[in-house]
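> Each chain, letter by letter, is given below.
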Amino acid sequence: MSKLALLLLTATLLHAQQPKTYGFGKPATADQIAAANITVFPDGTGLPAGSGNAAKGAKIFEVRCVLCHGNKGAGKEGRYPALVGGQGSLGTGKPKKTVGSYWPYATTVWDFIHRAMPFNQPGSLPPNDVYSLTAYILFLNGIIPENAELNAQSLPQVKMPNRDGFVRAKH
Amino acid sequence: MRKPDRRRFLTTTAAIAGLTSCSSKDQPPAAQASLGAHMRPYGEPSPYEQQPVRVIRELTASKGTGSSRTPLQDLYGTITPSPLHYERHHAGVPSIDPAQHQLLIHGMVDKPLTFTPAEIHRFPSFSRIYFLECGGNMVGDLAGNPPPTVQASHGLVSGTEWTGVPLATILREAGLQPEAKWIIAEGADHSRMARSIPIEKCLDDTLIAYGQNGEALRPEQGYPLRLLVPGWEGNVSVKWLRRLFVTDKPAMSVKETAYYSELRPDGKAEQFSFVMEARSVITKPSGGQSLQGPGFYEITGLSWTGTGKIAKVEVSTDGGKSWAEAKLQQPVLDKALVRFLYPWQWDGKDAVLQSRCTDETGYTQPTRDQLIATRGPHSGYHYNAIKSWYVRADGSVKHV
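Top to bottom, those sequences are chains R and Z.
Everything in the first sequence is counted per the numbering used here, starting at 246 for the first residue and increasing by one.
Everything in the second sequence is counted per the numbering used here, starting at 207 for the first residue and increasing by one.
If you're looking for bench data, these hints aren't it; they were derived computationally from the structure.
From a predicted model like this one, the values you see are computed outputs, not experimental measurements.
A portion of the hints provided could be inaccurate.
Simulated crosslink set (DSS-like; lysine-lysine; CA at most 25 Å straight-line) [to be verified]:
#	chain 1	residue 1	chain 2	residue 2
1	R	K304	R	K317
2	Z	K474	R	K339
3	Z	K407	Z	K387
4	R	K339	R	K304
5	Z	K387	R	K415
6	Z	K474	R	K415
7	Z	K455	Z	K317
8	Z	K474	Z	K455
9	R	K415	Z	K515
10	Z	K407	R	K415
11	Z	K317	R	K271
12	Z	K407	R	K265
13	R	K301	R	K404
14	Z	K518	Z	K533
15	Z	K387	R	K265
16	Z	K474	R	K341
17	Z	K387	Z	K269
18	Z	K515	Z	K555
19	Z	K527	Z	K555
20	R	K304	R	K321
21	R	K404	Z	K555
22	R	K415	R	K317
23	R	K301	R	K271
24	R	K317	Z	K269
25	Z	K527	Z	K474
26	R	K341	R	K404
27	R	K341	R	K317
28	R	K321	R	K339
29	Z	K455	R	K404
30	Z	K515	Z	K407
31	R	K415	Z	K455
32	Z	K269	R	K321
33	R	K301	R	K321
34	Z	K269	Z	K317
35	R	K341	Z	K269
36	Z	K515	R	K265
Chain Z stretches covered by chain R per the calculated footprint, using a threshold of three residues with CB under 8 Å from any CB of chain R [unchecked claim]:
#	region
37	240-253
38	475-483
Heads up, the beta-carbon is just placed ideally off N, CA and C, and yes, glycines get one too.
Generate the whole structure from the sequences, applying the supplied hints.
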C-alpha cells in the first residue's frame, strides 16, 4: 500500500471513531432557559414586564443601596463607586467614569443592578424595584425627569449622554 | 514584604561557606545521618524554602472585588503553580459542588442543551499551555505610579497547561445556526459576570476548561468549568461557567462597556479590544531584590503575546541606549509565557535594565512615551510598555 493510501485509510478510520456529535448532554427545556436567561440587550430584548420611577427608586435606594453607595449615589472615595457625576469629563485630563458620564446604554444599568446588586444579596430585587432604582440613578444624573415611568418599552429609548462615545477597537 | 530573592542571590555564597565548614569536619557535604521522612500522598514544598505567595488587594470595601498577584520574581520556568495563579474576582470565589452544577447552551442553536461537568469530561479532551492575563495588568505603570516590585506591577499574568474541550465541539453538539455572531458567556459567581465573545474566536481556539496543570481547576480559577480564551484579556475567560447564550449581537454587559474599554484622549473609548499585545518584563533582578557585589548575574524574565509567538526579546543594561538579543528558552509556544535569559557581568556601577520583545508579526513592544503618545494616559487597560529596573551601585534594585 502506498504511503498516501495508508494515510488516507488512517484518516478515515480516525474519522469513523470521531462522530460529528456525541449525544452527551440533555435537552434544555423552555422553562430552564427562561429561568436562567437574565441577559438584557440594548434593544430591550430580555426586559421583563413591570415598571418603576425615580420617586419609588429613591425609597428603595435608602433601604438597599445607600449604605454602600452613599447619599444620592455619591459613592465613598476608594471604598464604593459613585453612581453620579463626571459628565463632560471624559476628554479632559481628569476623566470620571460613572453610570451618568460613561455607560452607553440604560439597559446595562438595569441588567447590572438585576444580576449583581445589592452586592450582598444579588438577584433579590423584583423587576419593579429594578425599574425604579434604574430610574432613580438616571434621574440623579439628570438623564430622565423625576416623574418618568420606566418599563420594557421606555427604558431602551433612554439616550445616555455617552451613547455615541464608543468605537470598536481595531486590535 | 519579605525578600526571597536576596536569599537566592546569597545561595552561592552560602554554598561556598557550607563546603568550607564540611571539609573542615572531613565529611561529605549533604550526607544524611538518619533515615529520611516517610512518603506522603500529596507533596509539599521543602520546609527550607520560603513559600512564595500571592499578594492580595481588595478594590472596594466589600471583600471579593479585588485581585491577587503571582510572585513572578520567585518562580522558575514558565508554568505558574496552580495555587499561585493570579486572581481577579468581582464577587468572591463561589464554592461549587460539580454534582449541583450545570452548563446551559441556548439561543441560536438547533438543540439547546444542559451539561453536567461529568458530561463535559466525556468529550475528547484537549490540553495546551497558554498564558492568562488580566486586561488591567500594569495599570500602575500606565498611571505613572509604578509599584516597587514586579509582582505588584506585572503579577496579573500566569502560565498554565489547561485541559478541557474545544468550545467548537460543544457548539457542534448543539448545532450552531448560521446567524450566530456572538456568544455571551456567564459565570455562576454572585455577580453572574458575563461577557460577549465573537463567534470566530469561539470556533477557533477557545476551550471549556476543567483542568489546570494536571489537576482539576482550583476554585479561584473557575472550578468546575471555565472558559479559556487564549491570548485575550482574562476577563472574557469567564470562570464558573454556567451559561452560553448564542446570539447575533453583544449584550453590552457592564464589563464590556463601563469596564475593559479604553478611554482615548479625545474622550471616545475603544470597545472589544480583546487581544493582549506583545510584552515582556525582567523578573530578576527586579524591584526589591539586591545584588551582592559586582560579577556575573543572569538577567531573566518573561515575554508573551496574544497575537501568537514571541520572535525575539532584547535586553538593555544602559537604559535603552544599546540592546542585545536574549536567549529564548525553547520551545517557544503560541500565546504562552516565554522565558528569556541574558548573561550579564555587572561592573558595580548604576545600571538601568530593560527588556523589549517583538512578536512574529513584527510588532515591537513600545516605550511608555510611545504608548501614551498614541493611546493617551487614561486608556486603563492593555498597557504593554517597556519596563525599567534601576540597579544602584549599592546593589539595590528599584523601579523607575
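> All the hints need checking, so say for each whether the structure fits it.
Outcome of the hint check:
For a cut-off of 25 Å, the pair hint linking K304/R to K317/R stands: about 11 Å separates their Cα positions. Between K474/Z and K339/R, the direct Cα distance comes to roughly 14 Å. Compliance with the 25 Å bound is thereby established for this hinted pair. Between K407/Z and K387/Z, the direct Cα distance comes to roughly 10 Å. Compliance with the 25 Å bound is thereby established for this hinted pair. Between the alpha carbons of K339/R and K304/R the distance comes to roughly 32 Å, so the proposed pair goes past 25 Å and is violated.
Proximity of K387/Z to K415/R is assessed by CA-CA distance (about 18 Å); at most 25 Å being required, the pair is judged to hold. Only pairs whose Cα atoms come within 25 Å are accepted, and K474/Z paired with K415/R is accepted, the gap being roughly 14 Å. The hinted pair formed by K455/Z and K317/Z meets the criterion: a straight-line CA distance of about 20 Å does not exceed 25 Å. Annotation: proposed proximity of K474/Z to K455/Z holds, straight-line Cα distance about 21 Å (limit 25 Å).
Among the hinted pairs, K415/R with K515/Z is consistent with the structure: their alpha-carbon atoms are about 20 Å apart, no more than 25 Å. For a cut-off of 25 Å, the pair hint linking K407/Z to K415/R stands: about 15 Å separates their Cα positions. At most 25 Å may separate the alpha-carbon atoms for a hinted pair to count; K317/Z and K271/R meet this at roughly 9 Å. With a C-alpha separation of about 20 Å, the suggested pair K407/Z and K265/R falls inside the 25 Å cut-off, and the hint holds.
Under the criterion of a C-alpha separation no larger than 25 Å, the hint pairing K301/R with K404/R is consistent with the structure, at around 21 Å. Proximity of K518/Z to K533/Z is assessed by CA-CA distance (about 8 Å); at most 25 Å being required, the pair is judged to hold. Under the criterion of a C-alpha separation no larger than 25 Å, the hint pairing K387/Z with K265/R is consistent with the structure, at around 22 Å. For the proposed pair K474/Z and K341/R, the alpha carbon gap of about 13 Å is at most 25 Å, so the pair holds.
A C-alpha spacing of about 36 Å is found between K387/Z and K269/Z, which places the hinted pair above 25 Å, so the restraint is violated. Simply put, K515/Z and K555/Z have alpha-carbon atoms about 35 Å apart, too far for the 25 Å limit, and the pair is violated. Under the criterion of a C-alpha separation no larger than 25 Å, the hint pairing K527/Z with K555/Z is consistent with the structure, at around 16 Å. For a cut-off of 25 Å, the pair hint linking K304/R to K321/R stands: about 20 Å separates their Cα positions.
Of the supplied pair hints, the one linking K404/R and K555/Z is violated, its CA atoms being roughly 60 Å apart against a limit of 25 Å. Between the alpha carbons of K415/R and K317/R the distance comes to roughly 38 Å, so the proposed pair goes past 25 Å and is violated. Between K301/R and K271/R the alpha-carbon distance is near 43 Å, which puts this suggested pair outside the 25 Å criterion. A hinted pair counts as satisfied when its Cα atoms are at most 25 Å apart, and K317/R with K269/Z qualifies at roughly 23 Å.
Restraint check: the Cα-Cα separation between K527/Z and K474/Z comes to about 35 Å, which exceeds 25 Å; the hinted pair is violated. For the hint pairing K341/R with K404/R, the CA-to-CA distance comes to about 19 Å; that is within 25 Å, so the pair holds. Proposed proximity of K341/R and K317/R is supported: the alpha carbons are some 17 Å apart, at most 25 Å. Taking the CA atoms of K321/R and K339/R, the gap is about 18 Å. The hint holds against a cut of 25 Å.
Distance check on the hinted pair: K455/Z and K404/R sit about 19 Å apart at the alpha-carbon level, within 25 Å; holds. Simply put, K515/Z and K407/Z have alpha-carbon atoms about 17 Å apart, close enough for the 25 Å limit, and the pair holds. For the given pair, K415/R sits about 18 Å from K455/Z by alpha-carbon distance, which is consistent with the 25 Å threshold. Our distance criterion of 25 Å between C-alpha atoms is met by K269/Z and K321/R, whose separation comes to about 15 Å.
For a cut-off of 25 Å, the pair hint linking K301/R to K321/R stands: about 23 Å separates their Cα positions. Proposed proximity of K269/Z and K317/Z is contradicted: the alpha carbons are some 39 Å apart, above 25 Å. With a CA separation close to 24 Å, the supplied pair K341/R and K269/Z stays within the 25 Å bound. Annotation: proposed proximity of K515/Z to K265/R is violated, straight-line Cα distance about 31 Å (limit 25 Å).
Restraint check on the region 240-253 of chain Z versus chain R: 0 residues with Cβ-Cβ distances below 8 Å, three needed, restraint violated. Restraint check on the region 475-483 of chain Z versus chain R: 8 residues with Cβ-Cβ distances below 8 Å, three needed, restraint holds.
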